[in-house]
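In the order they appear, the protein sequences are chains A and B. Every position in the first sequence, counted from 1, becomes a number in the working numbering once 101 is added. Every position in the second sequence, counted from 1, becomes a number in the working numbering once 19 is added.
Just so you know, the hints here were simulated from the structure itself, not pulled from any lab data. Errors might be hidden in some of the hints.
[Said to hold, decoys possible] A few chain B residues that face chain A, going by a derived Cβ cut-off under 7 Å, partial list only:
1) G38
2) C64
3) I110
4) T134
5) N135
6) K136
7) M171
[Unchecked claim] Counterexamples of contact, computed for chain B against chain A with all Cβ distances above 12 Å:
8) K72
9) E90
10) D144
11) V170
12) S172
Beta carbons: idealized from backbone N, C-alpha and C, even for Gly.
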Amino acid sequence: MTTDPKPNRREFIRNISSAGAGLILAINLPRSGRAFSAAPAKEFAPSAYLSISPDNKITIWVTRSEMGQGVRTALPMMIADELEADWKTIVLKQASSGGKFAGIRLRTSGSGSIYGTWTPLRTAGAAARTMLKRAAASRWRVPEERLRAENGRIVDKETGMRLTYGELCEEAAGLPVPENPKLKSPSEFRYIGKRVLRVDSPDIVTGRAIFGQDLSVPGMKHAVIEHAPRFGGKPLKWNEEQVLAIPGVRTVVPVTLGIKQGIAVVADTLWTAMKARDELKVSWEYGTDAEFSTDAYRTSLQEALKGTGYRTREEGDPDTALRNSRKTLSAVYEYPFQSHSPLETMNCIARFDKDLCEVWSGTQTPDVASILISRQFGFPEDKITVHTPLIGGGFGRRLFADQILETVEIANSAGVPVKVFWTRADDTRDGFFQPFSICEMKASVEDGSVKAVTHRTASSDHSMSGPPLKDLKRYIDLLAPWGAYDSPYLIPAYRAEYFHIDAPVPTGPWRAVWYPQNVFARECFLDEIAAELGKDPLEFRMELLDGPDLDLNGTIIRRKALRNVLKLAAAKAGWGSPTGARRGRGIACNIYRGASLMAQIAEVSVNGKNEIKVDRIVCAVECGQVVNPLGLEGQIESGIVWGLSAALKGEITFKNGAAEQSSYGDFDVLRMNEMPVVEVFTVPSTERPQGIGEPPVVPVAPAVSNAVFAATGKRLRKLPLRL
Amino acid sequence: MKTVSITVNGWKHNVEAPGDTPLLWIIRDHLGLTGTKYGCGVGICGACTIHEKGEAVRSCQISALEADGSEFTTIEGLSKNGDHPCQKAWIEEDVSQCGFCQPGMIMTAAALLETNKKPDDNAIDDAMSASVCRCGTYFRMRKAIKRASEVMSK
């Protein structure tokens with residue numbers, strides 16, 4: 102026990118009320134912790150997103166989870182801009198599920214945070230600004246048109262009179278909320294489009310930022326779970342009495358609601374729980390899933406590809422073209438299982454208080470988690486609150502509520518508040534992995550051009566979206582063939598075909614979901630065709646994009662715009678200039694779900710030991726209005742590193758129904774010494790902003806693989822890329 | 020249970036814990052200093068990096084018994100007002116994304132700059148490449164280290 106709790110306590114209080122460099126930051130803390138001062142009675146709260154109090158404090162609620170993508174900076178920028186608020190006076194709060202946020206999306210996925218909030222948040226800011234102006238007009242008895250909103254004040258241009266928003270709060274609160282307030286034009290933007298520093302940085306660099314791992318509630322016990330080591334395992338018996346005899350161990354309970362069944366050890370401290378788990382001996386009952394291996398799965402995909410799959414796009418007659426072709430090319434591309442491996446491992450706190458259930462967890466989906474808890478435990482949704490602290494990396498892993506449900510389950514059976522903690526090995530072995538896939542590519546190449554291409558993908562789908570083959574349209578819209586289905590190229594005969602082969606491996610959205618596998622195959626194979634035709638890979642792409650835009654069930658493939666993005670990347674990268682021996686450039690591009698358009702050019706060098714080093718990546722993007730260029734560039738750097746980790750470093754393999762990797766030692770990710778120079782160029786636009794979290798991941802692996810070919814003449818068709 | 024005496028950020032503590040408890044958990048769970056993070060528990064990610072006599076060490080690899088009698092600095096004690104040149108440079112270069120690894124990264128960089136005021140790219144790589152940032156903020160991290168180095172070598 103500590104002899105001097107002073108620094109401890111002080112740190113805790115600072116966590117609650119620390120002032121950032123601009124914004125004052127706040128985070129939802131346990132109700133039993135130090136509460137925020139109660140809201141003043143006469144505050145002005147025209148929507149769930151913001152409130153203004155008479156002391157002129159503007160509170161903005163952040164309705165997406167912050168996992169590094171910068172929503173806690175960018176979302177408030179949009180409100181503050183329309184509100185004409187003073188950035189320095191804003192207090193941020195993180196929305197929890199339920200309460201006034203019932204029915205408002207909190208789920209953070211699909212690179213959709215800015216896209217999805219662009220209109221509602223700006224409208225909320227503009228509505229508040231309009232009402233404050235009306236309140237001032239009525240108080241001063243002057244026409245509203247004369248008034249301006251300026252840095253947290255309403256100003257009368259003629260008289261110079263001014264009132265702060267706080268001073269107008271009470272009157273504004275009595276006015277009706279306009280449904281369609283006038284939004285600002287891009288030329289009037291004040292924060293949108295500016296390079297705004299991340300609001301959480303001052304807390305992060307001093308260790309004050311609070312992640313799920315850092316939270317605790319009074320009376321809380323610590324749990325670690327021994328999940329079934331192999332797929333499908335069910336616990337038959339375990340040495341409960343021996344483990345319970347370890348000092349500090351409180352209970353040993355089965356868990357059924359997590360990613361796998363398991364046995365939880367609940368103890369006074371985390372270390373005690375971790376040590377006690379080492380003493381836990383469980384006998385498991387297994388079925389055939391426990392025999393699963395990557396090698397056998399690869400064989401089953403290869404077998405499936407001999408048959409006929411599910412055709413998701415069909416143009417012309419590729420069969421005839423291929424059959425009659427004088428020259429055909431074929432290649433098989435392989436993409437391994439990948440783990441999210443966020444640096445903060447899964448964790449969650451759950452507590453029952455009378456008829457309330459309260460949860461704290463770094464989740465991308467507090468709203469959905471509430472619903473799942475409600476269904477599972479028969480709790481009314483309005484008695485459940487899921488709080489979201491800062492998240493130490495999401496990348497899609499935290500779209501699943503498995504760690505939340507199992508924590509609630511343990512807290513329920515243990516009868517005390519419980520914090521579940523996953524070790525790195527737990528987290529590496531038991532994820533929702535990016536599925537393994539094989540893409541079989543064929544092309545007919547004649548008379549100096551490509552006549553037909555078939556792109557056939559075999560894989561398991563992302564389990565989140567349910568069985569894929571029941572509803573074709575839903576499947577096409579949501580699922581597997583991304584990158585093959587929406588290939589932007591004009592090819593006389595084209596087919597995208599998908600083979601769904603079940604695997605017991607839990608799979609799920611991994612940053613960029615289905616694009617990485619299919620685009621790796623598509624963009625590398627295009628390079629192979631270009632080489633066969635003796636064409637420059639950039640020029641070849643420009644030729645195949647020289648045509649009208651394409652409408653695929655509402656997904657618009659903007660070919661001309663993609664050409665512009667390719668041109669921009671090429672110009673900035675010095676495409677075509679000499680690179681020197683054992684060095685090369687490779688290009689790849691993609692349109693992300695008809696939205697963000699991106700091209701990347703990788704420059705690699707290969708040393709005497711045949712090691713690949715990526716020296717530079719030039720990225721050009723068109724993604725609509727950029728809200729925070731600093732954030733956008735950060736996301737692109739980040740996505741490129743993500744893509745490079747998959748291209749060059751780790752893979753997850755399964756044997757005997759279990760992952761063979763357990764940490765960053767055997768599932769390694771990119772490190773500082775492997776970081777290339779990254780240059781980002783944006784096509785200016787004032788269109789609605791599109792997503793940027795995932796798109797940069799997609800072109801990395803094919804651009805690098807194509808660059809390796811340019812440097813060495815060798816085609817690498819399997820990740821991780823090894824010469 | 021053992022009683023170990025450790026000094027963290029200038030405060031002396033007597034902590035009662037199993038002797039094999041990693042210092043990381045003593046710091047986090049017993050002292051409540053949660054800026055030092057668990058990332059891997061096996062010393063290969065760097066999230067738990069703290070200073071012992073100015074040198075970067077991994078607190079998950081030091082047991083309570085080994086720590087007995089020693090002095091350590093955590094991210095919370097790196098500077099009085101959060102104004103160590105690395106902390107300032109990290110904010111100015113907008114390095115952090117999720118931010119989870121950054122306390123460990125900053126402690127690693129600060130220790131580097133103590134011994135090498137003007138590290139070149141190779142020295143930065145040598146010091147930093149044993150740490151993981153899954154968000155991939157390395158590009159800006161390098162810029163921030165150079166910015167901090169400018170300030171510290173003045």
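Cross-check of the supplied hints:
1. G38: Violated: closest Cβ of chain A sits about 11 Å from G38/B, beyond 7 Å.
2. C64: holds (5 Å)
3. I110: For I110/B, the interface hint holds, since the closest Cβ of chain A sits about 5 Å away, which is under 7 Å.
4. T134: This hint is violated: T134/B lies away from chain A, its Cβ roughly 18 Å from the closest one there, beyond 7 Å.
5. N135: violated (15 Å)
6. K136: This hint is violated: K136/B lies away from chain A, its Cβ roughly 19 Å from the closest one there, beyond 7 Å.
7. M171: Violated, about 16 Å.
8. K72: For K72/B, whose nearest Cβ neighbour in chain A is about 20 Å away, the distance exceeds 12 Å, so it holds.
9. E90: holds (14 Å)
10. D144: Its Cβ does come within 12 Å of chain A, the nearest being 4 Å, so this is violated.
11. V170: V170/B is indeed farther than 12 Å from all Cβ atoms of chain A, at 15 Å.
12. S172: holds (20 Å)
The structure fails to meet hints 1, 4, 5, 6, 7, 10 from the earlier list, while all remaining hints are met.
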